[in-house]
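Asks: The primary structure of each chain is shown beneath.
There are 2 protein chains.
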Amino acid sequence: MRRVASGGGLVTKKRSKSSASASTELATEPVQADRFSKARSARSASMLEDYTELIADLIAANGEARTTDIARRLGVAHPTASKTIARLKREGLATARPYRGIFLTEAGLAMANSVRQRHRLVVDLLIAVGAPREAAEADAEGIEHYVSDATLRAFEAFLHGRGQR
Amino acid sequence: MRRVASGGGLVTKKRSKSSASASTELATEPVQADRFSKARSARSASMLEDYTELIADLIAANGEARTTDIARRLGVAHPTASKTIARLKREGLATARPYRGIFLTEAGLAMANSVRQRHRLVVDLLIAVGAPREAAEADAEGIEHYVSDATLRAFEAFLHGRGQR
DNA sequence: ACTATGGTGTAGCAATGGCTACATTGTGCA
DNA sequence: TGCACAATGTAGCCATTGCTACACCATAGT
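Protein chains in written order, with this note's numbering: chain A, 100 to 264; chain Y, 100 to 264.
If you're looking for bench data, these hints aren't it; they were derived computationally from the structure. Quick caveat: nothing in here was measured; it's all calculated off a predicted structure. Ideal Cβ placement from N, Cα and C applies to all residues, glycine included. Warning: the hint list may mix true and false statements.
As the list claims (entries may be wrong) - Rough simulated footprint, nothing fancy, chain A against chain Y, three-plus residues with beta-carbon under 8 Å: (1) 129–138; (2) 207–217.
Unchecked claim - In silico lysine to any residue, SDA-like type, Cα no more than 20 Å apart, as pairs: (3) Y:Lys137 to A:Arg196; (4) Y:Lys137 to A:Arg261; (5) Y:Lys182 to A:Ala170; (6) A:Lys182 to Y:Ala234; (7) A:Lys182 to Y:Thr179; (8) A:Lys188 to Y:Arg232; (9) A:Lys182 to Y:Leu147; (10) A:Lys182 to Y:Ser136; (11) Y:Lys137 to A:His259; (12) A:Lys137 to Y:Glu236; (13) A:Lys182 to Y:Glu190; (14) A:Lys137 to Y:Arg196; (15) Y:Lys137 to A:Leu153; (16) Y:Lys137 to A:Ala206; (17) Y:Lys137 to A:Thr194; (18) Y:Lys137 to A:Leu208; (19) Y:Lys137 to A:Val175; (20) A:Lys188 to Y:Thr179; (21) Y:Lys137 to A:Arg232; (22) A:Lys137 to Y:Thr179; (23) A:Lys182 to Y:Arg186; (24) A:Lys182 to Y:Leu208; (25) Y:Lys137 to A:Ser145; (26) Y:Lys137 to A:Ile158; (27) A:Lys182 to Y:His218; (28) Y:Lys137 to A:Leu258; (29) A:Lys137 to Y:Ala132; (30) Y:Lys182 to Y:Arg196; (31) Y:Lys182 to A:His218; (32) A:Lys182 to Y:Ala195; (33) A:Lys188 to Y:Glu148.
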């Protein structure tokens, strides 16, 4: 609606400041922006979550978490991992001394635990809903970072209700 | 395991080249790296998916898609949108002439359609599983980019089976 | 017909997250 | 005891995705 008329162009008629033409999709504007913002924040946090979880795993399995192992598990070059670990330190999630291993702070450990729990819940739900195990594991790696607490609680209730898990 | 002994350090014992110590978590290494790689690709594609979907929406609603509207809907500054639109053009998903609107190519339109369909499916599934509508909508914005075809098919089957949708 | 206004575009900065290449450190083994 | 070699770290490059500031265009109204 509100298509042009004159000119051959478009981008026209001095679209009201909001470009919010009709009225139907009007309301969705700010809300939608919020959603995208939220998704963006989640995206930027997801890297840290993956790292803390992986570091916790490595410490549990090997007694230590080393840059090279982290890099290999994530499929990136070691300087990339190194840089992100520096960020973890900056954000107070991990500590590390040169050539020594990497360790999680309390905050890092807490993050790792909640991430692991969330991961498991997401995988279980995907499987409960019929996704093949392999796909569920792979997809969860991306999905888990975007599941809100409210949705997570719903997952839990759903799984319990079905006698799953 | 394979914890150090000598020294006070760590990072030790000339860990076998794979650091793949025991044998249990060994097998997960390359697989896990694959998963993270996949998640990374998805992450980089997600921006383009959001844009094509939004452009299609705007064209459907307003007859045109303008940079400013896109920026507002996404909650970013207009130069940010402008830059991403340049990328869309580079990748053959959209066309645009200065000061004219933005249009999708066939590839862009195809992407928009599949993204929209996926989005709906994800929202429906989240709701079917008990997530509050608001959370479902918001979470789907992030989740949709990480759902594989296999999982998507499972979602569809699940929803049909329940008489949903 | 002109001008005010707002949409568009461009430039340049910062942070993130990849990479390769090179320097450094530490440990294991000869 | 010392050296070779792998693990770490550092430097510097590129691309992406934000931003602000500033320049430019096009339309609406006077």
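Asks: Take the hints in turn and mark each one as holding or not.
Replies: Okay, the hints, checked on the actual structure:
| no. | hint | verdict |
| --- | --- | --- |
| 1 | 129–138 | holds (count 8) |
| 2 | 207–217 | violated (count 0) |
| 3 | Y:Lys137 to A:Arg196 | violated (31 Å) |
| 4 | Y:Lys137 to A:Arg261 | violated (31 Å) |
| 5 | Y:Lys182 to A:Ala170 | violated (31 Å) |
| 6 | A:Lys182 to Y:Ala234 | violated (34 Å) |
| 7 | A:Lys182 to Y:Thr179 | violated (25 Å) |
| 8 | A:Lys188 to Y:Arg232 | violated (37 Å) |
| 9 | A:Lys182 to Y:Leu147 | violated (27 Å) |
| 10 | A:Lys182 to Y:Ser136 | holds (18 Å) |
| 11 | Y:Lys137 to A:His259 | violated (30 Å) |
| 12 | A:Lys137 to Y:Glu236 | holds (12 Å) |
| 13 | A:Lys182 to Y:Glu190 | violated (29 Å) |
| 14 | A:Lys137 to Y:Arg196 | violated (31 Å) |
| 15 | Y:Lys137 to A:Leu153 | holds (17 Å) |
| 16 | Y:Lys137 to A:Ala206 | violated (28 Å) |
| 17 | Y:Lys137 to A:Thr194 | violated (28 Å) |
| 18 | Y:Lys137 to A:Leu208 | violated (25 Å) |
| 19 | Y:Lys137 to A:Val175 | holds (12 Å) |
| 20 | A:Lys188 to Y:Thr179 | violated (29 Å) |
| 21 | Y:Lys137 to A:Arg232 | holds (16 Å) |
| 22 | A:Lys137 to Y:Thr179 | holds (17 Å) |
| 23 | A:Lys182 to Y:Arg186 | violated (27 Å) |
| 24 | A:Lys182 to Y:Leu208 | violated (38 Å) |
| 25 | Y:Lys137 to A:Ser145 | holds (14 Å) |
| 26 | Y:Lys137 to A:Ile158 | violated (25 Å) |
| 27 | A:Lys182 to Y:His218 | violated (34 Å) |
| 28 | Y:Lys137 to A:Leu258 | violated (27 Å) |
| 29 | A:Lys137 to Y:Ala132 | violated (26 Å) |
| 30 | Y:Lys182 to Y:Arg196 | holds (14 Å) |
| 31 | Y:Lys182 to A:His218 | violated (34 Å) |
| 32 | A:Lys182 to Y:Ala195 | violated (38 Å) |
| 33 | A:Lys188 to Y:Glu148 | violated (33 Å) |
When the structure is compared with the earlier hints, violations turn up for hints 2, 3, 4, 5, 6, 7, 8, 9, 11, 13, 14, 16, 17, 18, 20, 23, 24, 26, 27, 28, 29, 31, 32 and 33 and for no others.
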